[in-house]
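Two chains, two separate frames, one set of hints: put the complex together.
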Amino acid sequence: MRVFLTLFRVNLLFELAYRSNFFVQALESLSHLAFSILGLALVYSHTAELNGWSVYELLALVGVFFAIGGLIGFIIQPSLQQFMQDIQKGTLDFALVKPVDAQLLVSMQSMRIWKLTDVLLGAGLIGFSMWKLQTAWSWLRVGQFALALLDGAIIVYSFWMIMATLAFWLIRVENLLVIFESLYEAGRWPIGIYPGWLRMALTFIVPVAFATTVPARALTGRAQPEVLLAATGMAVALMVLARIIWNIGLRHYSGASA
Amino acid sequence: MESDSAAIVHARDLTKVYRVPVRESGLGAAFRSLFRRKTRDILAVNRISFDIREGEIVGFLGPNGAGKTTTLKMLAGLLYPTSGTLKVLGYPPWKREKHFLRQITLVIGNRSQLVWDIPAADSFELQRAIYNIPRDQFRETVAELTELLDLAPLLRKPLRNLSLGERMKCEIAGALLHRPRLLFLDEPTLGLDVTMQRRIREFIKYYNQRYHATVLLSSHYMADVEALCDRILVIHHGQLLFDGELDELIERFSTYKTIEVQTRAPEGDLSRYGEVIERSDGYVSLRVPRKETAKVTERLLAELPIIDLTVEDPPVEEVVERIFAQGHAGPAPDEEAERAPGTAGGRGAS
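Taken in order, these protein sequences are the chains called A and B.
Each residue of the first sequence is one higher than the last, beginning at 10 in this note's numbering.
Each residue of the second sequence is one higher than the last, beginning at 7 in this note's numbering.
Treat the hints loosely; a few may be bogus.
[As the list claims (entries may be wrong)] Rough simulated footprint, nothing fancy, chain B against chain A, three-plus residues with beta-carbon under 8 angstroms: (1) 12-20; (2) 87-101; (3) 107-119.
[Unchecked claim] In the DMTMM-like style, the derived pairs of lysine to aspartate or glutamate whose C-alpha atoms are separated by at most 25 angstroms in a straight line are: (4) B:K101 <-> A:D110; (5) B:K101 <-> A:D95; (6) B:K104 <-> B:D142; (7) B:K211 <-> B:E62; (8) A:K98 <-> B:D199; (9) A:K98 <-> B:E131; (10) B:K163 <-> A:E24; (11) B:K104 <-> A:D110; (12) B:K297 <-> B:E309; (13) B:K297 <-> B:E266; (14) B:K163 <-> A:D95; (15) B:K104 <-> A:D95; (16) A:K98 <-> B:E172; (17) B:K301 <-> B:E254; (18) B:K211 <-> B:D199; (19) A:K98 <-> B:D47; (20) B:K301 <-> B:E318; (21) B:K297 <-> B:D319; (22) A:K98 <-> B:D123; (23) A:K98 <-> A:E183; (24) A:K98 <-> B:E193; (25) B:K93 <-> A:D110; (26) B:K104 <-> B:D57; (27) B:K211 <-> B:D236.
Honestly, the hints are just simulated from the structure, not real lab data.
Every residue, glycine too, gets a C-beta built ideally from N, C-alpha and C.
This is chain B alone, in the form it adopts within the complex (with noise of 0.2 angstroms):
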């Protein structure tokens, strides 16, 4: 892995482990706690590394408690790392120094930062005194952001009379008044229904190419990674599993592959071919491994009077979960030896 210079985020064996009170219930029990502590140490980060340039839309992908939200959270400056490098913007983000803060800014989805019981219109006003935006300039990029997610009819409403989709199009537009160059995007399209978190891809999308802005994002949807991302980091148990382009991931972690076929004849006995898992008159999908693909496919038009056939990949969530469901055990089991824990994480691709 080249190391950039330019990096926006540059960390290098990131850990972050949690010192967690076991704590005994009770006023008197907690008191005590306040001077002699019994902890137990949770290791939610396991010395990871990657790079991330300006411009880049990086999805963080893992199930809950993996460590995602804990590396964010780092990058954000909102934990202090236990060991490694880490470098944000060219600062050390736990400092929360103010030219740091100044460019980042944090979305958290279902969590709001407007306020309550006051339209939105006002909140931002706030934002613009806590962030001293010009007058000029925070006239220019609430018109735009109004225009670009359809505020006009939100704006002057009591946040509490939104609607849940409503009130995250008003998270974002407050998020960005500041023109951020690194947004954190933590699970931003979370409860929301399938409209709703297009429309928000899309204006992810439209700001990071407008204003070359970083965006790290974390999902559980596939769809919000799918669309957006350019790169893909998956943490599971603490441990980067994978580093690289969505198609990549597809690439290495499935085994299988999806065949699908138009046939004359319907009946016979398919399962010779792969395991069956759909079937309906001349319509039969197949999984296969993926390294006999071409195989079966050559056998499949050899043998059967085929009408159309189309070999896919499996959805990305289903390639995901398996690699969740192998745990610890690192890459695809066909491409290396199961690491032992604590070593450090896979390197990702290339």
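Extracted from the complex, chain A is given alone in its bound form (with noise of 0.2 angstroms):
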């Protein structure tokens, strides 16, 4: 933790010293949100109801796609990005010298402040969408959705460290990164809409669904027990399988798997 907020100091300052960026990227995060928008306005000028989701309520998935978007464009991507070059240039060896965590270190080495805009967006969309649907506040369901939203991103995240643990034998997976990233825009719609192959695929080989259709529902109180029971479960297992890898990885690193 004092780790991550040195580094989160660090980052700060010196995004803080190129202040164009965070116009570029704000500019940006606007522009993918109005064309979001723009998407839901066309679909809904067509019919009410989507797979089942209202207007709001799919504004409300938006909102967690931005957020989970954004968290995975502020530290996921960048850390790992970096992880996987620091296998190619050999730097990896001075993570593994460091008296911490190795892939606690390297999982949160690089990161971009500015993309925390889309988190605040896809904050801002999700209240704005409770606003309109005129929810009733419970603890149950705050708690239901702050569970989903954790299980959402331990899952994303543990299916991008295991991605990128692969480099350790082959060198080079960012293509398979870029792969994930065209399937998590898959998410910015309920799961639903899918047809079964697809919607299996997103579910279980790449897990978009829990990480955008699952915190939706639980915000939208439609999530039942045994789906959010489905995703903590997923979430620790691919936590402790991406551990796994990773542990494998480096045994394999240092050749002790030989």
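Take a look at the structure:
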């Protein structure tokens, strides 16, 4: 945590020196948002409901999509791309001789602070939708949403981590991550609108569904307990799996697996 | 060789075999290789044994691919030894226990651990957080290093705006903030100009004396080794060819000496005394087999009008080059019979 805060401060100082980046990023986020809303408006000009989702429910989903996407862009993607480069360039050695957990260290070594605007926008969207939906607040629902969001974040992180760790064997895995990025785009729509096979793939192979649809469902009070349970199970399982693969990868890297 | 229980590094029959995948091209083949890999074994380090005591500066010499980096990496806990015993600071290094890692540091020439885009001072803060260095001690160390390495004008600039030498100074400072007891320096002066090399050497020596730190250094530059190292390990083809002092290395491996004479008789053939390397009026430089040095000197003095005469060891580079050129042959040919490859490498001197 201490290390995280220092990293955050250091990165913030760096980004503040390049303030124009902030405006570029803000513009990018806003135009991205505008297109998303335009898409929604287009769909809902034909129908009042999409796969059981009303327009503001779907707006909340877009909010979750932005928030999780922002988290990926803020820390997961830059750190893990750096990590893959470290493997190629041999600078991973430096992380490995530090007296802190190396997986944690590489997972937060690089940040793009301005990507947090996406998280803020997402939060704003969620708040706006909730207001429009006149949702009755209950701690249970807030708790469910927080849990689902945490699960989603862990699942996305673990998935990235597993992909990135493959770099121990394959050296170049950036392409795999590009595929993930485009698949993540699918998460802006409820998982239910996709045909069965794709739904299965987006749930279990590339677990985008848990990252966006499930939290949005929890938020709008439509998450069944078993879905939340499954998401939590998935999160724990993937986290453990990521750790196991990391350990195997390190053993491979140091030549202990032979 | 005495077995010292106070040794900071204790290695016996240390061996590293790399299992290198033989891979076909293409993503499909790469994926298949995840499950079924064709491999071949490469013997990088072959049963080497040595002890290093606290406060020593030890140089690892060897051509590229000789196994010296592999050895250093095993000692630093980055590589898992295939066989043999290894204890560093009393720990098995490959387990990378926190108490072990807190006491070591790693500097690799041409590779940066500080963050490229931000000033070194901020990277130092990060090191402070990682090592949980008390604020007072941190301030004191930074102040000391800043003075010793002239970092004051560099610390606030982004790393990428610095020259290679300036960056290396920052790297070294960053690697020493937690006051490690054991330093692994892999080619720390790589690519630096001569002044900067000297600067860094002086600093390493200072740090070694000030903190009684142990330094393990690998370098291509003989000057580094000559200036710094009390002791040298020569590794070649994964075997330890020599372990001892620099003078001893020259003693054992150089089969020639150089005799330089100033004479009043510049004419005449001198090749009957030895191989003439250099000659300009009145000055001659001769290469003479080591064992005949005394005899030749005597003859020169008796037969020629000599003004001045000096006998010198050949430059270290030359000696080391000769060792490497000999390859598997082990110690100098006139010392010992060739050892069969695969048996233990030279246990070194005494």
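Hints, verified against the model:
1. 12-20: holds (count 7)
2. 87-101: holds (count 3)
3. 107-119: It holds: at least three residues are needed, and the stretch 107-119 of chain A offers 4 whose Cβ sits within less than 8 angstroms of chain B.
4. B:K101 <-> A:D110: 13 angstroms, holds
5. B:K101 <-> A:D95: 21 angstroms, holds
6. B:K104 <-> B:D142: Cα-Cα ~22 angstroms, so holds.
7. B:K211 <-> B:E62: Cα-Cα ~10 angstroms, so holds.
8. A:K98 <-> B:D199: Distance of about 24 angstroms is within 25 angstroms: holds.
9. A:K98 <-> B:E131: 24 angstroms, holds
10. B:K163 <-> A:E24: 15 angstroms, holds
11. B:K104 <-> A:D110: Status holds; Cα separation ~9 angstroms.
12. B:K297 <-> B:E309: 20 angstroms, holds
13. B:K297 <-> B:E266: 17 angstroms, holds
14. B:K163 <-> A:D95: The given pair, whose Cα atoms are some 23 angstroms apart, holds under the 25 angstroms limit.
15. B:K104 <-> A:D95: Status holds; Cα separation ~21 angstroms.
16. A:K98 <-> B:E172: 21 angstroms, holds
17. B:K301 <-> B:E254: Holds. K301 (chain B) to E254 (chain B) sits at ~22 angstroms (cutoff 25 angstroms).
18. B:K211 <-> B:D199: The given pair, whose Cα atoms are some 18 angstroms apart, holds under the 25 angstroms limit.
19. A:K98 <-> B:D47: Roughly 23 angstroms between the alpha carbons, so the hint for K98 (chain A) and D47 (chain B) holds.
20. B:K301 <-> B:E318: Status holds; Cα separation ~15 angstroms.
21. B:K297 <-> B:D319: 13 angstroms, holds
22. A:K98 <-> B:D123: 17 angstroms, holds
23. A:K98 <-> A:E183: Satisfied, since the Cα-Cα distance of roughly 15 angstroms is no more than 25 angstroms.
24. A:K98 <-> B:E193: 16 angstroms, holds
25. B:K93 <-> A:D110: 22 angstroms, holds
26. B:K104 <-> B:D57: 23 angstroms, holds
27. B:K211 <-> B:D236: 11 angstroms, holds
Comparing the model with each numbered hint stated earlier shows that all of them hold.
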